[in-house]
Structure formats: C-alpha cells, structure tokens
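Trainee: Given next are the chains, with one letter for each unit.
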Amino acid sequence: MPTGQQDAPILVLFAHPAFRASRVNRALSDAIRNLPGVHFHDLLEAYPDFYIDVAAEQRRLRMARLVVFQHPVYWYSAPAIIKHWMDQVLVNGFAYGTGGDALAGKDLLQVVTTGAPGDAYRTDGHHDYPLVELLRPVEQTARFCRMHYLRPVVIYAGRGLSDPALEEQAFSYRALLAGYPQTRPAPLSVGDDWGGGHERA
Amino acid sequence: MIGGAGMSEPNVFESALVYLGATVLAVPLAKRLGFGSVLGYLAAGIAIGPWGLRLVQSPERILHFADFGVVLLMFLIGLELDPRRLRALRRPILGAGGFQLTVTAVLAGAVALAVGVGLRDAVVIGIGMAMSSTAIALQTMAERHLLGTPAGHTGFSILLFQDLAVIPVLALLPLLGGSGGVQGANPVWVDVAEGIGAILAVVVVGRLLTRPLFRFIADAGLREVFTAFSLLIVVGIALLMQAVGLSMALGAFLAGVLLAESEYRRAVETDIEPFKGLLMGLFFIAVGMSMDFSLLQTETAKILTAVLVLLVIKIGVLGAMAPTAGIPGRQRALFAFLLSQGGEFAFVLFAAAGAAGVLAPELAPMLTLVVALSMLATPLLLLVNERLIEPRFADRSPVRPADAIDEQSPVIIVGFGRVGQIVGRLLHANRIPTTILDRDPSLIETIRKFGFKVFYGDGARLDLLRAAGAESARLIVVAVDDHSQTAEIVDLVHQHFPNLTVLARAWDLVHAFDLRDHGVERPERESFEGALRMGETALRTLGFGAYQAKQAAHRFRACDEQTNDRIYAVHRQDLSKRISIAQEARRDLEALIQSDEKVLLESGDREW
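Chains P and L supply the protein sequences, listed in that same order. At position 194 of the first sequence the residue is numbered 194 (the working numbering), and the sequence of numbers has no breaks. In the working numbering, each residue's number is its place in the second sequence (first place is 1) plus 201.
Hints should not be assumed to be uniformly reliable.
[As the list claims (entries may be wrong)] Distance ranges between label pairs, derived from CB positions:
| no. | chain 1 | residue 1 | chain 2 | residue 2 | range |
| --- | --- | --- | --- | --- | --- |
| 1 | L | Asn700 | P | Ala56 | 39 to 45 Å |
| 2 | P | Val190 | L | Arg619 | 55 to 61 Å |
| 3 | L | Leu743 | P | Asp124 | 34 to 40 Å |
| 4 | P | Arg146 | L | His695 | 57 to 63 Å |
Source of the hints: derived by calculation from the structure; they are not laboratory data. The beta-carbon is built from N, C-alpha and C at its ideal position, and this holds for glycine as well.
Required output: the full structure, derived from the provided sequences and hints.
Mentor: Now the structure itself:
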C-alpha cells in the first residue's frame with residue numbers, strides 16, 4: 001500500500017522479497033513510512049507480477065527531490081525488482097539521452113542492509129570487496145542520470161542487531177529523512193571511497 | 202413403384218448409380234494424371250454417354266437438371282462478394298475484366314462473321330467464347346497458390362467480370378429477338394417492371410427477413426434444417442426470378458450477395474458447397490455426354506481449326522494485357538493459358554440462346570464441342586508452360602516464391618463464450634486476426650456490433666473448420682463449453698490438420714485428463730486461474746504481502762501441476778477399471794489435498 005504523499009519530495013523505493021522475515025527492514029520502514037513529505041513505495045507490494053506502471057513511476061520521480069532505494073543487499077546487488085524497476089523506468093528520453101533530463105539535479109540515496117558484518121566487506125574479508133565497490137552500479141547509474149549519489153546508509157549484520165541498536169538505526173534513518181535537506185549526506189564524486197558505511201553497528 | 206417406371210426410363214437409383222460410379226472412377230483418376238477434376242467429369246460423361254458405353258441415352262434431361270449447379274455456383278460467387286472485397290478489386294474487375302471480355306468477344310465475333318455466320322449468331326458466339334471456365338481456372342490457381350499473386354488477382358477479376366456479365370447477357374438474350382424468343386402476351390414494359398419489382402422484393406425481403414429467420418432456425422439446433430433453409434432460399438429466389446422471366450443465375454447471385462455480409466455466410470457456404478460440387482459435376486458430365494463425336498468425325502478439320510483460332514485469340518488478348526496488369530514475365534504465359542479455355546457459361550449461354558431461338562440450331566452442338574475441346578487443351582498448355590516456358594525464366598531471374606498473402610487468420614477460435622472471448626480479445630488487442638466460430642446466434646449478433654469477425658457454425662464439422670481456414674491456420678483454440686464436443690473437435694483437428702496447434706478448454710480435472718487422453722498437451726482448466734487468484738486475494742486480505750501471496754499462489758500452482766501429472770499417470774493405468782466421474786474427482790481431490798500439505802510458506806526472522 002503506498003503511504004504518505006503521492007507528490008512527496010522524498011520518494012522511498014523499497015523492496016524486500018521476504019519483508020515479513022526481516023526485522024531490520026520492518027523497523028526501518030516503520031520508522032519512516034508515515035513521515036510527512038515521504039512517499040513510501042513498496043515495489044513488490046505494488047508490482048507482485050513485476051508489471052510496472054512506468055508512467056506512474058516517472059510521474060512520482062518528477063515530483064521527488066530525494067529518491068531513496070531501501071533494500072537488503074542480495075548477492076552483491078539489490079533484489080531483482082529494483083533492477084527491473086531501473087530497466088523499465090529509467091529509459092532513454094526520460095532519465096538520459098535526448099530530452100532525458102527528468103532526474104537531473106535530484107539526490108539518490110541507497111539505504112541497504114546486509115547479512116554479514118562490516119568486516120566481511122574488506123579485501124581481506126569474507127566477501128573480498130568493500131561495499132563501496134559493490135554498490136558502484138547504482139552509483140554510476142545515478143551519475144549517468146545526472147543525479148547526486150549521496151553517501152549510502154549501510155546497516156551491517158542486520159539479523160544480529162540488538163534491539164536498542166536497531167532502534168538507534170531506525171531513529172537516525174528517520175532523522176535523516178525528516179531533516180532533509182539539512183541532513184543531506186555528502187554526494188560522492190567518481191572514485192570516492194567512503195570507507196564503508198555511514199552508520200555502523 | 203420401381204417396376205412401372207423402370208421400363209422406359211431408368212429409375213432414380215439406377216441413374217444415381219451410373220453418375221456416381223462414373224464420377225468416383227473418372228475424377229480421382231483425372232486428378233492423379235494431373236488433369237483437373239473438370240476434365241475428369243467430362244471424361245466420365247463421354248464414357249457413359251451415347252458415344253461411350255451408352256449407359257445414358259438422353260443427356261438433355263440431365264443437362265437441364267444439372268443447370269441448377271450453375272445456379273448454385275452463382276450463389277456461391279455472390280456469397281464471396283462482400284462489399285469490401287469488391288471495392289478492393291474494383292479497378293481490375295472493370296479494367297482487366299472489361300477489356301478481356303470486350304476485345305475477345307469482338308475478335309471471336311469477327312472471325313465468326315468472316316466464316317459466314319449471321320450477325321446475331323456472331324454476337325452470341327463472340328460473347329460465349331470470351332468466357333473462361335471459372336471452375337477450371339479458379340481451381341488451378343488455388344492448387345498452385347497463385348491467388349495471392351498479380352496473375353491470381355487479375356485472373357480472379359476477369360473471371361468475376363465474366364460471371365457478372367453472364368447475368369445481363371442471359372437477361373438480354375431474348376431481346377436479340379429470335380424466332381421463339383417472344384412468347385409472352387405482355388408488352389415489354391410489363392416484363393421489365395415485373396423484373397425490377399421482383400429484384401426489389403428479393404432485396405428488401407432478404408435484408409429484413411433472412412437474418413431473423415436464420416437465427417430462428419439456428420436456434421432450433423438442427424443442422425439439416427439449416428441446410429434445407431439455405432437451399433430453400435436459393436431455390437425460392439431462383440424460381441421467383443424465372444417466374445418473372447429473369448435468369449435463375451441472376452437470382453441466385455443476388456441471394457448470395459445479400460447473405461455475403463451475414464454471420465451465417467460460412468455456414469451457408471459450407472452447406473451449399475457439396476451440392477454445388479455434385480451438381481457442377483453432373484453438369485460437366487452432361488456436357489461430356491452431349492459432345493457430338495459424329496460431328497468431330499465428319500467436321501474434323503473445321504472443328505480443330507475453330508479450337509485453335511479460339512485459343513490463339515484468347516491467349517493473344519490475355520498475353521497482350523498481362524504486362525499492363527503488372528504480371529511478371531515468368532507468369533504471363535501461365536496467366537494466359539489459365540484463362541484460355543471456353544467456360545461452363547458458354548454451354549449455358551449456347552443452350553439458352555438455342556432455346557430462345559437466337560442461335561442457329563445447327564451451330565450449338567459444334568460450339569459446345571469446340572468449348573469442350575478447348576477445356577481439354579488447358580492441362581496440355583499448362584504442361585507446356587511448366588516444361589518449356591517457365592524454365593527459361595528460372596535461368597534469367599532468381600526464383601521468387603509466390604507472394605504468401607495469407608488471407609486466412611492464423612488463429613481459429615471455436616466457441617466465443619466466457620473463455621473464448623478473453624482469448625479472442627487478447628489476440629485482437631495485439632492485432633492478431635482471428636476467425637471465430639460460435640453457435641449461439643444471439644451472442645454473435647452482440648459481438649458483431651463491436652467489429653469482431655464471428656461466424657455462425659458448429660466447430661465439430663470438418664467442412665466448416667476447413668472453410669474457416671484450418672488448412673492454413675497455425676493455432677486453434679477450442680473453447681466450447683460442451684465437454685464431449687471439445688474432444689470431438691480435438692480429434693477432428695488432430696486427424697485432418699495435424700500441423701495445427703490445439704489449445705483446449707477443460708471443465709475440470711477429470712475433463713482435463715480426458716483431453717490429455719485425446720492428445721492435448723496442456724488443457725486449460727477454465728476455473729483454475731480465477732480460483733487461484735481469488736485465493737491469493739484471500740491471503741492478501743488476511744495480511745499477506747502482495748508478493749508473498751503471489752509467491753504462495755505460484756508455489757501452489759507448481760505443486761498442483763506436479764500432483765496432476767502423478768494422478769494422471771495412475772489414471773491412465775487403471776483406465777480399464779474406470780470408476781464413476783464423481784468418484785474419480787473425489788479420489789483426485791484427496792490426493793491433491795494430501796500433497797498441498799507439503800506446500801510450506803516462509804516463516805521466522807531469517808532475513809536481513
């Protein structure tokens with residue numbers, strides 16, 4: 001169910017294929033979904049068949065100043081519907097190419113949760129690469145659409161988070177969106193290494 | 202009963218035995234040898250006639266009866282002429298058709314005059330000889346897939362123009378003023394007024410009454426009554442026309458055009474077709490029988506010269522106009538040869554002219570012989586073209602396959618109710634033309650308003666499936682709601698159109714299994730997807746996420762299909778000790794529910 005204002009300045013595109021089994025993402029979503037100025041858009045709820053209403057999505061994007069991708073990291077990437085959404089919505093003439101300036105100047109923020117702890121995302125860690133490298137495709141997509149890719153919010157080891165720690169994460173996510181644009185994280189330039197996550201458990 | 206009539210005149214059954222026997226023997230043989238069916242009929246006629254086995258002595262009587270085949274042919278030609286098709290072919294019909302008929306008639310008439318025939322006779326000869334054989338030419342073009350090519354279009358247009366020209370020619374024949382022509386006491390204007398009145402009556406009554414009548418009769422669901430009514434219309438109108446002194450063929454043609462736009466067109470066409478076929482066959486047999494071979498013996502040189510001159514004139518005219526009609530070089534000879542023969546209407550015309558006293562009586566048998574011989578020449582000419590003329594072009598220009606203009610729809614939908622409609626609408630929305638057959642007249646009326654191409658008919662009929670284009674379609678959707686009929690149609694399609702993919706609607710699981718027994722790979726249970734979706738909505742209402750509910754439904758469907766396959770395998774094994782359908786369904790349900798318990802949904806906080 002879409003909540004919040006349809007023409008909100010902050011558009012949260014959320015995707016979690018097993019939402020109900022994810023304590024972290026439930027807490028994060030509950031924290032921000034009713035904020036004024038935020039449109040929380042659960043893509044799998046809206047498009048369980050993956051048949052995306054492209055025109056409606058583009059309309060919402062035009063209204064927004066900040067676009068948030070909130071999702072778990074699945075296989076060094078996002079759940080499939082996020083990629084499918086990008087393929088369908090960010091098309092030539094809208095997001096890039098001739099006349100494709102609908103997204104120019106807007107902010108893009110990734111809010112991701114991982115199963116593994118932060119030290120797994122190191123060259124000597126379990127996953128061999130820092131998360132910054134793994135999120136490059138979205139970063140570069142934003143840049144190609146002339147958006148500002150903001151320093152991401154990363155919550156590592158989502159399953160093992162203590163209740164107070166989770167509450168704190170949820171609170172700061174809420175504060176970030178509520179205080180936007182004053183709380184806007186710094187945009188990244190090409191090759192910037194933000195060293196891991198904005199937040200850490 | 203039999204004894205009395207059998208003495209002087211062979212009874213109906215004996216005659217039928219002779220005609221049918223000759224047909225069954227001669228026609229397939231002719232086709233096997235590469236000659237068309239028309240030649241087969243002619244040969245059969247010669248064989249049983251006075252110059253052959255003498256099985257039939259008086260061909261005139263049978264010729265008169267078989268005339269009705271020509272009437273039915275005109276009816277079917279009218280039936281094919283919906284205004285759209287007519288408009289598309291307007292220019293070639295008037296241009297090519299008019300040119301061919303006029304020039305050929307003038308040349309043939311001039312030759313006739315030159316050899317000393319009277320002016321009135323020359324006019325009849327010219328027009329009669331200008332006609333080609335629709336039966337021979339159309340059939341050959343269809344067999345060689347030429348109908349979609351420029352040669353086919355032009356050929357069809359010319360034949361159509363000739364067919365149409367027959368009508369006024371037959372009507373005006375008496376006006377040429379033969380000795381026996383004027384027999385009525387009425388002044389001419391009364392005749393004309395009667396004629397116009399009859400035509401108007403046919404048009405008005407036809408427009409207003411045929412559709413409701415057809416619907417009334419179709420509602421009764423009796424196929425033979427429908428056939429009877431179709432024949433009744435033709436016979437009735439033909440007799441009405443005759444009564445007011447117009448040609449029966451004209452009436453039949455009118456009746457055909459009136460029904461061309463009706464949704465019952467295909468059904469009527471299918472019903473009339475075999476009658477036409479048999480009667481046309483009988484007509485050609487009668488022509489064969491009446492060929493006067495004594496004349497050929499005594500006047501050999503004269504007749505053969507006439508045939509030769511006729512062929513030269515017709516081929517010359519057709520060949521001259523071929524380039525203008527846009528017919529490519531390698532097809533020109535074929536095109537000219539195809540239409541080079543005299544036609545069945547020449548027989549009709551000469552007979553009618555003879556009867557009206559417009560044609561000298563001694564000329565008719567000779568002319569008939571000339572036309573029949575020119576028909577015999579067609580397959581020989583085509584052979585010459587194939588062996589000698591076409592190969593030359595093959596060397597010069599790369600062989601281009603005949604334009605594949607597929608006038609039939611790729612999809613046939615049988616049954617346009619709850620299921621067929623959705624399938625049809627989806628295809629329609631994606632610009633895929635479909636031919637739809639349904640047997641609920643009121644439904645057809647409703648849908649037709651929205652521009653769908655729907656025909657009245659019963660999909661379990663082979664001839665109707667064929668008329669709907671099953672030979673060339675790629676897919677048939679069997680969506681009728683009668684269980685046993687579904688299997689019947691499926692069997693029919695598998696048997697006669699093995700290349701056609703079959704999608705079939707199943708009522709329930711037992712029916713689906715039955716259809717699988719009949720070779721349908723995945724019968725679609727009509728209520729399954731709807732019910733599954735309802736279950737999905739139920740899950741959502743109870744708090745499942747949309748994606749979660751969707752996944753649950755997907756998983757359920759997959760499990761259900763697996764279980765079905767398993768049950769089906771068992772079901773096939775004990776097909777012999779088949780229990781009642783209700784019991785079967787209950788046993789299947791048990792197996793299904795047992796396996797459903799294994800469908801597990803996600804739970805717990807396992808995710809990040």
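Trainee: Each of the hints needs a verdict: does it hold here or not?
Mentor: Hints and how they fare:
no., hint, verdict
1, L/Asn700 / P/Ala56: 39 to 45 Å, "holds, 44 Å"
2, P/Val190 / L/Arg619: 55 to 61 Å, "holds, 59 Å"
3, L/Leu743 / P/Asp124: 34 to 40 Å, "violated, 48 Å"
4, P/Arg146 / L/His695: 57 to 63 Å, "holds, 60 Å"
Of the numbered hints given earlier, the model fails hint 3 alone.
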